[in-house]
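Protein chains in written order, with this note's numbering: chain Y, 1 to 239; chain B, 1 to 290; chain F, 1 to 341.
Just so you know, the hints here were simulated from the structure itself, not pulled from any lab data. Any given hint could turn out to be false.
What the hints assert, rightly or not - Once the Cα atoms are required to be at most 25 Å apart in a straight line, the calculated SDA-like pairs of lysine to any residue come out as:
no. : chain 1 : residue 1 : chain 2 : residue 2
1   : B       : K188      : F       : A314
2   : F       : K300      : B       : R121
3   : B       : K265      : F       : H249
4   : B       : K265      : F       : G134
5   : F       : K300      : B       : L85
6   : B       : K265      : F       : R252
7   : B       : K168      : B       : M83
8   : B       : K188      : F       : L309
9   : B       : K265      : B       : V9
10  : B       : K188      : F       : V118
11  : B       : K265      : F       : L251
12  : F       : K300      : B       : L51
13  : Y       : K156      : F       : T213
14  : B       : K168      : B       : L68
15  : B       : K265      : F       : W140
16  : B       : K265      : F       : H137
17  : B       : K265      : F       : S142
18  : B       : K265      : F       : G146
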Amino acid sequence: MAMLEVAGVSKNFSGLRAVADVSFSVPEGAIFAVIGPNGAGKTTMFNLIAGMFAPNRGTITFQGERIDGHPPDEVCRRGIGRTFQIVRPFPALTVEDNVMVGALLRHSDPRQAMARAHDVLRRLDLYDKRLQAAGSLTLPDRKRLEVARSLATEPKLLLLDEVMAGLRPTETDRMVAILRDLNAGGLTILLIEHVMRAVMSLATRVLVLHHGAAIAEGLPADVVREPAVVQSYLGAEAL
Amino acid sequence: MPAEIYLNVAISGLLTGLVYGLMALGLSVIFGVVRVVNFAHGEMMTVAMYLAVVLFAQFHLDPLLMMLPLAALLFVAGYAIQMTLINPFISRPEHSQFMLLLAMAVIIVNGLLIVFGPDARSVQTSYAFDSFAFGPVIVDATKLYAGIAALLVAAALFSFFRFAPIGKAIRACADNYTGALVVGLNVKRLYALSFGLGLACVGAAGAIIVLIVDVTPPLGPQMTLLAFIVVITGGLGSMPGALLGGVLIGLTEAMAGLFFTPSAKSMFSFALLVLVLLFRPQGILGKKPS
Amino acid sequence: MMDLLLHGVPRHALVLLGLVLAALIAAPWFANDYLLTVLIVILYFAYTGIAWNVMMGFAGQLSLGHALYVGLGAYATAALYVHFGIGPWVGMPVAIFISVASGVVIGFLAFRFGVAGVYFAILTIAFCEFARVGFDHFGWVSGSSGLFLPVSNYTRNDLVNLRGQPVMFYYVILALTAVAFVLCHLLLRSRVGYFWQAIREDEVAARSLGINTFRYKMIAIAVSSGMTAPAGVFYAFYYNNLFPEQTFHILRSIEIILGPIIGGVGTLFGPIIGAFLITGLAEVLQEFLTAYGLDIPGVKRVFYGVCLLLVIMALPHGIWPPLARLLRLDKRQEKSKEPEA
Chain Y
1 MAMLEVAGVS KNFSGLRAVA DVSFSVPEGA IFAVIGPNGA GKTTMFNLIA GMFAPNRGTI
61 TFQGERIDGH PPDEVCRRGI GRTFQIVRPF PALTVEDNVM VGALLRHSDP RQAMARAHDV
121 LRRLDLYDKR LQAAGSLTLP DRKRLEVARS LATEPKLLLL DEVMAGLRPT ETDRMVAILR
181 DLNAGGLTIL LIEHVMRAVM SLATRVLVLH HGAAIAEGLP ADVVREPAVV QSYLGAEAL
Chain B
1 MPAEIYLNVA ISGLLTGLVY GLMALGLSVI FGVVRVVNFA HGEMMTVAMY LAVVLFAQFH
61 LDPLLMMLPL AALLFVAGYA IQMTLINPFI SRPEHSQFML LLAMAVIIVN GLLIVFGPDA
121 RSVQTSYAFD SFAFGPVIVD ATKLYAGIAA LLVAAALFSF FRFAPIGKAI RACADNYTGA
181 LVVGLNVKRL YALSFGLGLA CVGAAGAIIV LIVDVTPPLG PQMTLLAFIV VITGGLGSMP
241 GALLGGVLIG LTEAMAGLFF TPSAKSMFSF ALLVLVLLFR PQGILGKKPS
Chain F
1 MMDLLLHGVP RHALVLLGLV LAALIAAPWF ANDYLLTVLI VILYFAYTGI AWNVMMGFAG
61 QLSLGHALYV GLGAYATAAL YVHFGIGPWV GMPVAIFISV ASGVVIGFLA FRFGVAGVYF
121 AILTIAFCEF ARVGFDHFGW VSGSSGLFLP VSNYTRNDLV NLRGQPVMFY YVILALTAVA
181 FVLCHLLLRS RVGYFWQAIR EDEVAARSLG INTFRYKMIA IAVSSGMTAP AGVFYAFYYN
241 NLFPEQTFHI LRSIEIILGP IIGGVGTLFG PIIGAFLITG LAEVLQEFLT AYGLDIPGVK
301 RVFYGVCLLL VIMALPHGIW PPLARLLRLD KRQEKSKEPE A
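Next comes chain Y alone, as it looks inside the complex:
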């Protein structure tokens, strides 16, 4: 059974078709990438999975249970974590307190939660900065904090929305290494990404969206060569 099953999902916003009849499934242990030009509906798809709003049609199933239309906090409790395209740290709280909030979901004792938060911070290379105010961090650190915080909720599936955006190549490699590490430890990852370097080195499967519809799915190397995909990115003249 696939970890996440998206079947025939559509979403309209006052007449605009953001997601059009998309279906895919994410196997357990995969690193599944969703790519496509801007405005293709990728973040909308994420928001549908994460529970920000409900699809107009279709179903979303996580570990055998329906989650479409469920509120974001419940989706997280079920085991899906997410990051945001534009990072949303808790600026006035310290780095460790930020992650603490995530850890408190599964560990109600603050001391245990803090210990867990420290573990996650060490994994994400942020332990040294744990007492800094989150609002004072650089962008790469904020991105790692966002991942750390979500990770602290002990998700089975992590949704990463353009986590590489704005990172320099070395930082991107660092993030890729961390994600690969987490995946090896059993975390299923679903990521939206524009940085092809990261997609090609990480993803086990790729889905391409264009104008809200799925136009290709498969192994990374195959998908990027498909004519429809090339056309969507570069236009018909490129073919």
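On the provided structure of chain Y, position chains B and F as indicated by the hints.
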């Protein structure tokens, strides 16, 4: 009770409501454009009212004549306030601005208390006790003039925003701040202009309303609250909504005063506010937030 | 629990706190009557400030109608005492219940329907105003004529009925403030406290971390309103008269928020420091003017407004944060210079 009484009270409420609407119009302009919640709105109106009282007492100048000068004065004040105090606050969180104006409100109310004392002041014009009869309906002259004056000022404001190039620029600013910047509009000045216009409405409304309402320092916060009720009911950011809301509140208060005790009439306005906030927060004519 | 209370608290902080507490306990021996009443007012505002701070400082919900909970608590216990002879401590649970119930109603209506930010603040004002006008017509508590508590001789200190000398009231309010302070300290380091702060900082992000924001906002308003009720009980039995026009006036609500804003919203010490500063300075101003033979009603309030204005413009986070850094009580670091050994 004979039907004429209801009609008289209703019309009286409607006319008063028009003046409320003008005051609230100012708030709508300020919030709609500058996105500042002017918690000192009513207090600023009482400043205008006291000025009108003083001008009448000292120089026998009819408040209706003072409408434009007072509006101009408050326009300048508003422009200055926006440029000096509020513009630096644009990037701050919403409740920071709110508190800033709250502080100003406290200063104004108590400043007025110190200067004028707690007793009510009023303006007794030569036509204060006149009334007109339209069939079975009797209308106070003061209320009739007030209502008409309010409508005229509102109409002037509407035309400004509709037809004057600066007016259109302001509307552009309100619709899309970044877009306006990109197109080269001097947003800070337009904000100051808008705040000035908003307070000009307040100045005019203050001059007009002093004909029908006595002024005391505590009237300020009451009017601020009323302005918010009117604007939220009518629709934040909608200018016709402000007038509509004003009329609605004026009517509600008048009828509530008739059916229940006059002192309890504000309870109905509050109840209306709560209902609107819960069930139709964008107000009657407001647009639903995206 | 002692562990949760003391873990991570630096030694010098405890020493400082102990000294301050000792000074406050010893104060009646050194203070004249006038100073004692000033201290009572300061502690009263420190207490209400702490209670309000739970909602605003911790959970980020701006309430400008907190006088409602003070008033309800005051009227509840006063009415029970006047009509049934029920003492304030017995009446307090009733007061708390009524305040919490109204807080929960307001919270439910607001949070269920997504009323937030400034709109929420206006809603809280509306409810308090509604009470102000409503109580004016509430015959059982004497409406606008005012509810008066029977005042007997002041020579005996009756703690059960809260009848007695100012000294007794001083220790009561000091105890209440101390309890509130400790409670907030515990709340801040508990799960509830962390979730509240997350909601305050970014509600959307908080939800994405599994936090049921509706539930925690409700808890915040319930705790805040419940904590405010005892202030009302104190108010009723200390001043012995209640008028809806005064008790529920919006100025009361504004007075409550002055301390926390000046001291520092969201901090533990902010409301207390703020209360000391604003009330202390206001009294100094009053004394100064009286010494020159000037009696100007409204001057104190103008002063409040000016202080509020200055603090908002210059020190938006209040006086406590820079002070805390000075006293090395802030665990936060600026960008770290070298990694931990």
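The hints, checked one at a time:
no., hint, result
1, B:K188 - F:A314, "holds (21 Å)"
2, F:K300 - B:R121, "holds (23 Å)"
3, B:K265 - F:H249, "holds (17 Å)"
4, B:K265 - F:G134, "holds (10 Å)"
5, F:K300 - B:L85, "holds (23 Å)"
6, B:K265 - F:R252, "holds (22 Å)"
7, B:K168 - B:M83, "holds (21 Å)"
8, B:K188 - F:L309, "holds (22 Å)"
9, B:K265 - B:V9, "holds (13 Å)"
10, B:K188 - F:V118, "holds (23 Å)"
11, B:K265 - F:L251, "holds (21 Å)"
12, F:K300 - B:L51, "holds (24 Å)"
13, Y:K156 - F:T213, "holds (22 Å)"
14, B:K168 - B:L68, "holds (23 Å)"
15, B:K265 - F:W140, "holds (21 Å)"
16, B:K265 - F:H137, "holds (12 Å)"
17, B:K265 - F:S142, "holds (20 Å)"
18, B:K265 - F:G146, "holds (21 Å)"
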